[in-house]
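Input sequences plus hints: build the corresponding full structure.
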Amino acid sequence: MESTPGQRQHQQSVQTRLFYRENSQLYGSTAGAEIATRNQHHNIIPALKSSSIVGSGKSELRDESHRSIGFAVLCGPACGSRIVVVGGPLIGLIAGMALTVASGPVSKSSDMCSKGYYILWTLFFLQFFTCVSCLFEDQIGKFDWRQRYIGKIRFAAFDAVSGTRKILVATEQNVLAALHPKSGNILWQQVLEKDESVQHMHVGKELVSVSGGPRVHVRAWDKTNGLLAWEWSLSQQQSARARWAVDKGRLYHVVPLDGQLEVSAFSLESGFDLGSRRLAAPWTAGGAYDCVLVGATVVCVTQHSFYWTSLADGGAFAEVPLASFDLTPAAVPVLSGVGELAFSLRLPGKQTVFLMGDKGPRAIHEASATASLLATPFDSNIMFKLENKPDSSALQVSAVSLNTGVEVDEYSSTLILGSKFSPCTLTAAICIKDECAAVLSGDDHTISFVNIPGQITWTREEALASIISTEIIDLPVSDLDAAIESEFGSKQEDLGVATGIVGMVMRRLTSQVMQIKVLAQTVLGLVQPASSSGPSRASLIRDTFGLHKMIVAVTSAGKAFGIDNLRGELIWQIQLPRFAPLHVGKSPVVPLYVLRTTSHVPFTPLCAILGKDRLTGEGLAVAFEPIKGLVLSSDALGYKVQQVMQLPHPDDEFLRGLVVLDDQLKVHAYPPESKANAIKQAASLYMFTTWPAKGTFAGFSFAHSTKQDLVATKVWELQLPDGPDREVVAVVGKNPTERVNSQGRVLADRSVMYKYINPNLIAIISQVSDSSHKYILNMYLVDGVSGAVVHSATHKRARAPVNVVHSENWLVYSYFNEKMRRTELASFELYEGKSRSNTTAFSSKSNSVRPLVEQQAYIFPSTVDTMKETITEKGITSKHLIMALPNGNILELPWMFVDPRRPTVQTGEMRDEGVIPYTPELPIPPDAIINYNQTVNRVRGIHTAPSGLESTCLVLVYGLDLFYIRVAPSKAFDLLKDDFDHFLIAAVLLGLVIASYVTKKLAARKARNQAWK
Amino acid sequence: MKSLVVLVLLSLAAFSQAEGVVDNEESLYVVEGRIYSAEGENSNSWQRETRILVNGGEYLGFLKQDGSFIVSNLPSGSYTLEIANPNYYYEPLRVEISNKGKFRARKLNHLQPSVVTLVAYPLKMKSLGKIRYFQQREQWRITDFLFSPMVLMMVLPLLLIMVLPKMMNDPETKKEMEQLNNMTKYELPDMSEVVASLFSDRDEPKQKSKASKKRQ
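Same order as they appear, the protein sequences are chains A and B. Everything in the first sequence is counted per this note's numbering, starting at 1 for the first residue and increasing by one. Everything in the second sequence is counted per this note's numbering, starting at 10001 for the first residue and increasing by one.
Calculated from the structure, these hints are not laboratory results. Be careful, since some hints might not be right.
Stated by the list, open to error - Mimicking DSS-like on lysine-lysine, the simulated pairs with C-alpha atoms at most 25 Å apart in a straight line are:
| hint | chain 1 | residue 1 | chain 2 | residue 2 |
| --- | --- | --- | --- | --- |
| 1 | A | K694 | A | K586 |
| 2 | A | K1013 | B | K10166 |
| 3 | A | K1006 | B | K10174 |
Claimed, not checked - Some but not every residue of chain A turned toward chain B, in silico, with C-beta under 8 Å:
| hint | residue |
| --- | --- |
| 4 | F136 |
| 5 | D138 |
| 6 | L192 |
| 7 | K194 |
| 8 | N225 |
| 9 | E231 |
| 10 | R822 |
| 11 | N887 |
| 12 | P926 |
| 13 | I929 |
| 14 | L984 |
| 15 | V988 |
| 16 | G991 |
| 17 | L992 |
All of these numbers come straight from a predicted model, not from anything done at the bench. In this text, a Cβ means the ideal position worked out from N, Cα and C, and glycines have one as well.
Right under this line is the structure:
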């Protein structure tokens, strides 16, 4: 639409290569505010159709998509027709055919018979289903691991009263937990409501939590076993300045209103409303004040005075001018509670600790403004002070007596953290006799336990509860293999040795000498491979089947981790102190790319993440080495990131750089060195981006780039119609690393339906509300290069949550059907038809074929938190959907079950094709639940990655907890079974050998006897 | 279903003295029920591991020591209620709260939402059994070994080789064989009969009569 005829011509005259990388996560969901009535919705389609003209060029246009080359080489269309079903269930097909043959006459006979047959058929497939994704009991923990996390501490307290000591914590993820003080293990945890937060925690006889808002849950939990003791709820006004306090069996809620403070009291256990009072507080009027609850006393401060009153008897506020403490602040000071009796007043440069007595606050100590203070409960009268010393990467802990305000020397200690340093705050402290301990909460979400005086005894990396993006990376080859690689693979000028035959021979000889040396060392047991960083690092080399990999996880806490995928141990962590995730709507996103893989020795592997600076909000790119976890560079980009994609082809140094579009629609390359490479590929480069709040989608071409600069030209634009509550709920492209092995689907008559495999296809789902407040979901399949709307669908009375899986030639998404009040899965499949438009490569521009679309919907008996498809190296193995359910189960559902070709009336033809008959409701068989009884809480994402084995796919589920497993969608056909009977095979072979010898002997004897006769 | 006890607990008027604290047009209700532990479950943590998910986790309920639970703050409407326990299966239900605060619980039927099978309210739920996440592994048995095709393939020919010549030594059988050989000269007998006759000497008369029948 946007392009001029001149541009169009230009596009057609250039032989293009096309590629686009759509960052689905970047624009996953957002809040919008408009409606599309259906008429408008129809208006949009013709407009979009016209935009497709831009893309449809002449037949000489030959675009090559990355992927289509991949599979075209693997399998041309001719063999595709034979192999198609291999991708599907081979066993199912064979058995299905057997069944068909066996039942030939039956299907001709009465209806009853065919019905029974139908059931048999379904049962057969159900059984097949269970077999595929099942685990045996002895495989627990063999291929999987789970790690439980709780999130960053919001409140913490020691429980010293009940039998076993423990640390009770409430976290920002709305989780309550008890931690073991010796090990930091979770003794119990309760995961409260999602998207709510704990507002107050009180540890008395029970653990009382106040969570949520505006509807607040007040719950009490048994401290020893975490069981609910009682609960009640109330509705309250939401205010950032509302405060809660528990005192003498009462729960107080203090809400500032204009010029007043409202204090409501409730009986703690029953929730009985004991009435509320309004205290005149004219000084709150301007909002320039701060309040804190110290025990049952509310203390407020303005620029001039302290005000305080008791919550229990509720007299008027008493006032003390700040000047009487020699304080003359320039702005309103900040108050923070320091235990049950004291509070601190923070001014720029310093803070003063006050002890709250009957006669008002009494200044007892002065500390630096950044120090974290906490008084221990009970009678120990000690206040701990924690000071962060970033210069020396250390924490200084000291103690102050509350009685005298003097430092107690015996409790002061310095904790040196080194590279793991991150500013910490004190969240809980306790002194029993002379032994003290404290719990620290780091800015990087760590929870640390400190013995005072002493050192940190354990640390929990709670940043892993807030993973945003992950990648699973191959490990590097061993040093020996690396030497061989470098012998052949590297550029000669790098090595600085002679070229030509002599040089080659020399290199060959030296490397062979090295190999012999290593062999000798191994044999003699001298081996300690040349790795200096300990045994765990030494084992980080690629295994034969490519099952051992490195998980790179980037969290919203400004920290990235490297995790060994076999056991789940943390290998490295890097601090990214200024790094904050980008946001799309409310959801945080961090684009994570592998710029150079580990297979290009001697070049170091390279990953890059994009985010924004915590302070300036401008783009920030961090490049790091993913195996050892070394930050190589951290660059302020100087612009805000709008969209980013990776170049399809690497440069001479095997680096695939990034192309970044900023919010001014200027184009940048990252790392800057890859600009030349980007310009080289610019003619075939396309980019797709969205403005979800505006409902706008646009495609850009880089064909107009000059030799010096990358230029993005808008090729098409798509505007969703305006309307109230319009919301783009999902924008999902295909996985760029995906390969499709089979080009078509063999029908019963042995003809082939060719798949419409468009790697540039994007699924856009938007939600609008009708005039009668009914929701409507619209789905568009848009070609990201040409902007053509390939298909669209509308669901009336359907709404989010929407989860989309887009792969190969199919699309599956879940939505909530409001009319029937159930979750449904809609499934689409696209076919080109019985002939191919282009047999070698797909082109978005030359392809004007309107795909045939098969579609069907299924009832899913649970809601879906998130879902993802499995992916394998060559794409031969059939696809399964990995779905996270709200009850903590991870379900592996074969795609075959949501195949839109499942027929309602079973005909012989369909049976030949191996399609299961339609059943409206999908099953959730318990043995398809891959995490068995290990509940995974609040799943936010699932990452799948291929392994070196075609049959096996690695799955990482992240959310509050982390769960890793490997799955084999078509069974592990390329690996011996776990229970393979080596003994039987050996016994049989041995038996045969013995038998042949014995019979030989016997035969010889018989021959001899006969000769004597 | 007269046991539909109305449990309107939270009249919000009490909490909403202040202007605009809550829009008290909508009353909130509390769903109550009790869950009974499955038989054989004697760990102390089943209450903690069990959670009540209303509308797929939109609202949560937690169990007390005795297995009772409440889910609070529900506006009137229709809700699915699911019990999430990692080890035991419970049937999901649909709970409906009318505008007047009447409760109705029924079995969850996604396929035919209009079919109503009522369940007593307040809810009392029992486990339908342990969830079987795992497949049973086949046990190794000697019979399996003996009847595996490979072993059969090995043993049967051995038997034929070893046993058949022995039987040939028996003069009666030899005679029989000769007779049979004569037979084959003009009529090919049924192989199964031949083998049967070989293995069952005692049934000789019968065989003979059969053979004679054949000859006729």
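Results of checking the hints against the structure:
no.: 1; hint: K694(A) <-> K586(A); result: holds, 15 Å
no.: 2; hint: K1013(A) <-> K10166(B); result: holds, 17 Å
no.: 3; hint: K1006(A) <-> K10174(B); result: holds, 20 Å
no.: 4; hint: F136; result: holds, 5 Å
no.: 5; hint: D138; result: holds, 7 Å
no.: 6; hint: L192; result: holds, 7 Å
no.: 7; hint: K194; result: holds, 6 Å
no.: 8; hint: N225; result: holds, 6 Å
no.: 9; hint: E231; result: holds, 7 Å
no.: 10; hint: R822; result: holds, 5 Å
no.: 11; hint: N887; result: holds, 3 Å
no.: 12; hint: P926; result: holds, 5 Å
no.: 13; hint: I929; result: holds, 6 Å
no.: 14; hint: L984; result: holds, 7 Å
no.: 15; hint: V988; result: holds, 5 Å
no.: 16; hint: G991; result: holds, 7 Å
no.: 17; hint: L992; result: holds, 6 Å
When each numbered hint is compared with the structure, no violation occurs for any of them.
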